[in-house]
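Peer 1: Sequence:
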Amino acid sequence: MKKNYFILFLCLLVSIMIGLIIVGSGCGDEDLCEGVSCPICQECNPANGDCMSSYTDPDTEITYTTDGQSCMSSNPCLEEGVCSGGNCQPGPQRDCSDNNPCTINERCDPSTGACLSDPKDCGICKECDPETGDCIAEDCGGDPCKACQFDTGLCEPIDCSFEGQCYSCQVIGDEVGCFPDDSLSCDNEDPCTTGDYCEQGLCISGPEMECPDCKSCSGGECMANVLANGASCDDGNLCTINDVCSDGYCIGTQKCTQVCEECDPQNGACMVKQCLGTSVCNYDTGNCEAGSGGDCTISEGTNGGCASGLVCCWGTCMTSEECDLVDCPDATTPCEWSYEIEGTYYPQKSCCDDMYETCDTTGCIFV
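In our numbering, the protein residues as written are 64 to 430.
Calculated directly from the structure, the hints in this document are not laboratory data. Any given hint might turn out to be false.
Distance condition first, Cα-Cα at most 27 Å in a straight line; then the derived DSSO-like pairs of lysine-lysine [to be verified]:
| no. | residue 1 | residue 2 |
| --- | --- | --- |
| 1 | Lys189 | Lys209 |
| 2 | Lys209 | Lys183 |
| 3 | Lys336 | Lys318 |
| 4 | Lys318 | Lys278 |
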């Protein structure tokens with residue numbers, strides 16, 4: 064009986080070992096192509112992890128191949144190719160023709176694969192006809208009043224200066240040429256005129272530069288006009304008359320010249336001379352003199368500054384009658400005397416200080 068158990072144990076052990084072998088055989092299912100990168104036109108064989116152009120699956124006996132697959136070569140200027148025997152057979156050269164008759168040297172840039180070309184060089188003042196590719200004369204953008212300059216190759220307006228300052232290129236009807244242009248400005252080369260303008264092809268002088276009386280424009284500046292000496296002018300002063308030019312200046316004669324007369328600068332009217340304070344104008348001298356009640360100072364040969372008909376009495380201008388009524392203050396002594404002006408004697412009175420003065424024929428004098 065024990066022998067049978069032993070046999071059973073051995074059978075069980077063998078069964079376990081066989082199971083372990085079967086289970087262990089599952090570890091061989093790992094992906095050998097994981098992380099494998101193959102060249103163009105090759106694929107990884109899952110049976111061994113090798114890169115191959117063709118292989119047969121041992122389980123399915125199906126043969127895999129890259130032949131006939133499309134591929135791109137490392138040259139970006141080649142079209143799509145086909146795999147054959149593990150290599151990429153490149154396609155034809157990329158067509159970079161732009162169908163533009165005005166470009167030449169169409170080509171592919173091998174560094175980027177972009178198509179490039181060069182413009183057709185037609186020389187100075189010529190351009191390429193985009194329809195035919197022929198070199199034709201530059202038309203300057205279709206502007207008939209522009210022309211290509213052969214010295215610079217640039218389009219510039221047609222110069223009409225040979226006709227004059229007041230001409231420009233214009234299209235009138237079917238004609239293209241230089242015609243009068245009144246919209247242009249001009250210069251008659253006279254510095255003494257301003258605002259010169261064009262009219263029917265001619266440069267018309269503007270108005271003369273304005274200068275003050277007795278001056279005229281010379282070289283663009285107002286200068287003295289000696290030819291105008293003696294000519295009538297206006298100095299702008301209402302108090303002068305008979306204004307005339309003299310070496311570029313307008314000089315007038317004083318209007319109000321009568322004794323004790325002066326001119327009002329606001330309206331040019333002649334009026335009695337205005338004196339300050341109580342002073343009045345002396346019609347004999349035309350000078351302002353102190354009037355009645357004005358201060359005066361006695362000195363030999365003068366009236367003390369008093370107006371005509373007044374006397375200087377105790378330092379104040381008054382009439383002789385008023386002077387007779389004035390008394391000297393205390394501590395003074397009356398002093399009567401007279402002075403002469405051109406044969407006329409003027410009686411005077413003054414009060415001499417008893418301590419320092421005495422009366423003389425000329426008034427109070429210090430002692």
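Peer 1: Could you work out which of the previously given hints the structure breaks and list their numbers from low to high?
Peer 2: none
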